[in-house]
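Participant: The chain contents come next:
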Amino acid sequence: MTIDPAHPVPPVLPRYAGPNQIPPHIPKGLIRSIGLTTGAEFLASPHDFMAKLHEKQPPIFYDVNDFCNAWQIIKHEDALFALRHPEYFSNEGATPFPRDPDDYFYFIPIEIDPPQHRKYRNIVDPLFSPQGVLRLEGLIRQRARDLLDQFAGTGECEFTTAFGRPLPVSVFLDIMGLPQDMRDTFVQWAVDLLHSQDRETMGKAMRLISAYIKQAIAEKRAKPDDGVVSRIAHAAPDGIPLSDKEVFGFVIFLFIGGLDTVFATLNNIWLWLAQNPERCQEIINRPQDINAIVEELLRRWSVTFSGRVVAKDVELRGVKMKAGDRVTSILPACNFDPEVFPDPLKVDFDRPRKTILAFTVGVHSCMGGHLARLEVKIALQEWLSRIPQFAVKPGRKIEYRPGGVVGPKYLPLVW
Amino acid sequence: MPKVTYIEHGGASHEAEIAVGENVMRGALYNNVPGIAGECGGALSCATCRCFVDDAWVARVGGPATHEERELLEAAASLDTDEGPARRNVRLSCQISMTDDLDGLVVRLPAKQYA
Ligand code: HEM
Ligand code: FES
Numbered sequence: 001m002t003i004d005p006a007h008p009v010p011p012v013l014p015r016y017a018g019p020n021q022i023p024p025h026i027p028k029g030l031i032r033s034i035g036l037t038t039g040a041e042f043l044a045s046p047h048d049f050m051a052k053l054h055e056k057q058p059p060i061f062y063d064v065n066d067f068c069n070a071w072q073i074i075k076h077e078d079a080l081f082a083l084r085h086p087e088y089f090s091n092e093g094a095t096p097f098p099r100d101p102d103d104y105f106y107f108i109p110i111e112i113d114p115p116q117h118r119k120y121r122n123i124v125d126p127l128f129s130p131q132g133v134l135r136l137e138g139l140i141r142q143r144a145r146d147l148l149d150q151f152a153g154t155g156e157c158e159f160t161t162a163f164g165r166p167l168p169v170s171v172f173l174d175i176m177g178l179p180q181d182m183r184d185t186f187v188q189w190a191v192d193l194l195h196s197q198d199r200e201t202m203g204k205a206m207r208l209i210s211a212y213i214k215q216a217i218a219e220k221r222a223k224p225d226d227g228v229v230s231r232i233a234h235a236a237p238d239g240i241p242l243s244d245k246e247v248f249g250f251v252i253f254l255f256i257g258g259l260d261t262v263f264a265t266l267n268n269i270w271l272w273l274a275q276n277p278e279r280c281q282e283i284i285n286r287p288q289d290i291n292a293i294v295e296e297l298l299r300r301w302s303v304t305f306s307g308r309v310v311a312k313d314v315e316l317r318g319v320k321m322k323a324g325d326r327v328t329s330i331l332p333a334c335n336f337d338p339e340v341f342p343d344p345l346k347v348d349f350d351r352p353r354k355t356i357l358a359f360t361v362g363v364h365s366c367m368g369g370h371l372a373r374l375e376v377k378i379a380l381q382e383w384l385s386r387i388p389q390f391a392v393k394p395g396r397k398i399e400y401r402p403g404g405v406v407g408p409k410y411l412p413l414v415w
Numbered sequence: 001m002p003k004v005t006y007i008e009h010g011g012a013s014h015e016a017e018i019a020v021g022e023n024v025m026r027g028a029l030y031n032n033v034p035g036i037a038g039e040c041g042g043a044l045s046c047a048t049c050r051c052f053v054d055d056a057w058v059a060r061v062g063g064p065a066t067h068e069e070r071e072l073l074e075a076a077a078s079l080d081t082d083e084g085p086a087r088r089n090v091r092l093s094c095q096i097s098m099t100d101d102l103d104g105l106v107v108r109l110p111a112k113q114y115a
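These protein sequence lines are chains Y and L, in that order. Going by the working numbering, 115 is the number at position 115 of the first sequence; the sequence numbering is gapless. Going by the working numbering, 48 is the number at position 48 of the second sequence; the sequence numbering is gapless.
These are computed hints drawn from the structure, not numbers from a lab. Note that beta-carbon positions come from the ideal geometry of N, C-alpha and C, so glycine has one too. A hint or two may mislead.
To be verified - Per the computed footprint, the stretches of chain Y lying under chain L, defined by three or more beta-carbons under 8 Å from a beta-carbon of chain L, are:
id: 1; segment: 93-102
id: 2; segment: 345-359
What the hints assert, rightly or not - Computed, partial: chain L to chain Y, Cβ under 7 Å:
id: 3; residue: Y30
id: 4; residue: N31
id: 5; residue: P34
id: 6; residue: G42
id: 7; residue: C46
id: 8; residue: E68
id: 9; residue: E69
id: 10; residue: L73
id: 11; residue: D103
Starting from the given sequences, assemble the full structure and let the hints guide the process.
Facilitator: As structure tokens, this is what we get:
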């Protein structure tokens with residue numbers, strides 16, 4: 001069914017959860033319950049867990065859990081196929097984020113299938129292109145330096161609160177055209193919405209964010225500027241202005257997709273750096289290779305998953321999937337496919353260039369990928385020039401956050 | 001604005017205007033020219049924006065700009081084995097930036113951008 005993005009309605013797709021709701025066409029031999037994102041074994045060391053899937057599980061299996069039973073893809077090649085064939089693997093109804101059914105909206109562009117999808121990307125892609133984000137380089141560098149000034153001399157910090165969250169939020173506010181004095185509020189909203197695991201806190205955060213975004217859209221409508229919110233608010237593809245719901249669904253998705261992912265990526269990378277001081281030195285010694293370094297770190301520490309709904313029956317690697325089945329590509333596992341990336345857990349800055357799946361591929365590949373790469377690059381350069389060696393604070397245990405964006409909860413560092 | 005002509009594998013031709021500084025991959029996407037996927041948005045990671053520069057333009061466009069571009073093109077070469085001699089001028093269109101000098105550029109597109 002093709003949706004009308006200007007007039008959103010809640011999807012009527014079935015969602016199955018738990019062992020009592022397994023559709024009869026799923027072969028018994030492929031059913032697993034691996035505890036992805038929530039189990040003790042996963043949380044003890046998520047990336048190792050996802051790498052080991054290649055030894056422990058069939059290349060495609062059906063995971064049964066309390067949240068959403070779904071096919072799981074771990075082979076690089078299979079993920080490429082799924083991501084590149086929206087006619088079989090649709091995004092409509094594939095984003096499980098709860099919304100008020102009486103005031104429903106779509107997350108744009110992630111929930112829109114081609115051909116409608118491109119019209120949204122064309123609105124903002126120029127700002128997020130490699131050339132577009134380069135304009136922000138000086139500003140991002142300055143924001144990173146300002147943050148470092150506050151704690152570099154103190155010999156310790158809690159990475160997430162001192163650097164890993166405020167940096168991406170500052171940059172986000174800049175690119176969106178929103179005021180910097182919202183920084184700490186945005187950090188709090190993002191954490192409450194995406195990490196609290198508590199319905200009431202999440203609901204409250206969602207209401208506050210929605211109200212703020214609606215008001216920001218109204219302001220930009222009245223007073224245009226060159227930020228992303230204004231650009232979306234004034235967009236009129238083919239001469240037809242976007243509806244209020246489209247504008248809202250687009251802006252709020254940037255908030256949901258563009259903050260927590262960067263927080264988690266930085267957290268994972270900084271934990272690894274803290275444990276591998278000789279690799280910090282290697283990065284410092286190879287300034288000319290910084291882009292390859294960032295790409296390899298994004299492969300090794302990718303943080304999220306990609307969900308689709310089967311639109312028409314399809315067979316993948318001999319596995320028959322039926323329309324309505326849900327499918328998850330475990331992107332970190334795909335980035336650890338030993339057939340594509342030999343010795344996959346090794347961080348090797350000299351790997352031959354291959355398609356990494358941190359941002360997926362296909363029409364929905366991350367719109368913010370270049371911004372994210374630039375942020376990681378500048379964060380590495382600025383941090384290492386001030387704090388070339390650091391370690392996890394002795395005696396502190398690293399714990400991972402359960403959920404769809406993988407990273408340590410806190411990261412206390414000393415130097 | 002400078003113009004680019006994209007010729008699809010089947011022969012259909014599309015002319016598009018592209019702002020100076022934009023790249024040839026985005027020019028195709030913005031103008032709904034089929035045959036270029038540009039999946040990674042120009043991050044030099046997907047090689048789904050391959051094009052074959054018309055002989056007359058090779059000197060002005062130049063060969064692969066970076067080590068990464070060369071590596072990606074080599075990795076994707078097996079996709080283009082049926083393309084004939086045009087293949088020698090293969091480039092990643094996301095790495096060709098428009099200039100006034102390139103006004104009139106002609107590029108051919110492969111039969112498929114991925115397997
Ligand atoms: C390291 C940080 C990031 C990671 C790992 C990441 C990851 C992803 C992934 C995996 C997808 C594709 C989902 C799918 O195909 O199912 C995606 C889509 C998207 N991301 Fe990111 N992202 C990051 C940063 C950002 C930033 C900074 C922004 C914007 C400010 C952003 C905006 C988007 C948007 C708008 C989409 C939807 C694209 C579409 O549907 O066409 N992301 N991201
Ligand atoms: S668009 Fe991905 S390499 Fe050109």
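Participant: Each hint: holds or not?
Facilitator: Tested hints:
no. : hint    : result
1   : 93-102  : violated (count 0)
2   : 345-359 : holds (count 6)
3   : Y30     : holds, 6 Å
4   : N31     : violated, 10 Å
5   : P34     : violated, 11 Å
6   : G42     : holds, 5 Å
7   : C46     : holds, 5 Å
8   : E68     : holds, 5 Å
9   : E69     : violated, 9 Å
10  : L73     : violated, 10 Å
11  : D103    : violated, 19 Å
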